[in-house]
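Using the numbering used here, the first residue of the sequence shown is number 1, and each one after it goes up by one.
Derived from the structure by calculation, the hints contain no laboratory data.
Honestly, I wouldn't trust all of these hints.
[As the list claims (entries may be wrong)] When the alpha-carbon atoms are kept at most 20 Å apart in a straight line, the in silico DMTMM-like pairs for lysine to aspartate or glutamate are as follows:
1. K77 <-> E34
2. K138 <-> D25
3. K114 <-> E93
4. K77 <-> D229
5. K138 <-> E157
6. K114 <-> D25
Since this is a predicted model, take the numbers as computed values, not measurements.
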Amino acid sequence: MRTAAEIEDLVTRAAAQQDAALVSDLVVALNDHEVFYSLDVAEVDGQPQIKTPLLELADGTHALEVFTSRANPGLWKEYAGGPWRQVLELAAEMPPVQWVIIKNDAGSRVPIRKSQIAVILGILPPESATTLDARIAKIANEPQAQPFTSLEYQLSETQLFVRLTPESARSGQPTLVTSSAGGVDNLVQAYTSRGRPGYVYGEMDWRAIVGMVANTPALAGIHIVNDNDDWVIIGRSDLGLAN
């Protein structure tokens, strides 16, 4: 696995030399790293609207800019992160995107045509089965980690289990159990599985949970807990919501 410094150097050399072998080396090396892209988050009618901004090039085509570091000055205040493979798959599914541009902290740029994405995905080593639980455990032990940017992609593909009061099962009227964690009160309790005996859950997708927080100003955010009781907090500001 290449270090972050080696990735930065590889981007610089691939950009300067425009060498196909260096570019091939880069796109494979990135498979072991998280990359980042900007988000445009706005509140519309009380609901967070999240868009992925694209760079318009001189010829009128559009590119998704992918940054090798969350410290890159070109990255917007709101951003998301994910495994290289998943970000490539995201770019492939965005009709306006014709290019993916890899940028390092020094400002070097390596462009990749959209038509090359399928080829790159075909040569990448098999995707490691990094579960949501494992990612939460890793982030929970990194003091400088930003949970939403690291988990946003995976959360959007996952069903979570929101804790409800015991009366909810009998009455049919779901009532949230909120929690306090990390010095923050009034958090939605969301679990990655139904594994805790005696708890009553409501199964919800990520978009629905975010919508519930958006429509309930008293809720301060979401407390996500894995099966080993590792946890992260995603607050209203992380979601682009007013406090």
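Hints, verified against the model:
1. K77 <-> E34: Given that 20 Å is the threshold and the Cα spacing comes to 17 Å, the pair holds.
2. K138 <-> D25: violated, 27 Å
3. K114 <-> E93: Satisfied, since the Cα-Cα distance of roughly 10 Å is no more than 20 Å.
4. K77 <-> D229: Roughly 30 Å between the alpha carbons, so the hint for K77 and D229 is violated.
5. K138 <-> E157: Satisfied, since the Cα-Cα distance of roughly 19 Å is no more than 20 Å.
6. K114 <-> D25: It holds: about 18 Å lies between the C-alpha atoms, which stays within 20 Å.
Of the numbered hints stated above, those contradicted by the structure are hints 2 and 4, listed in ascending order.
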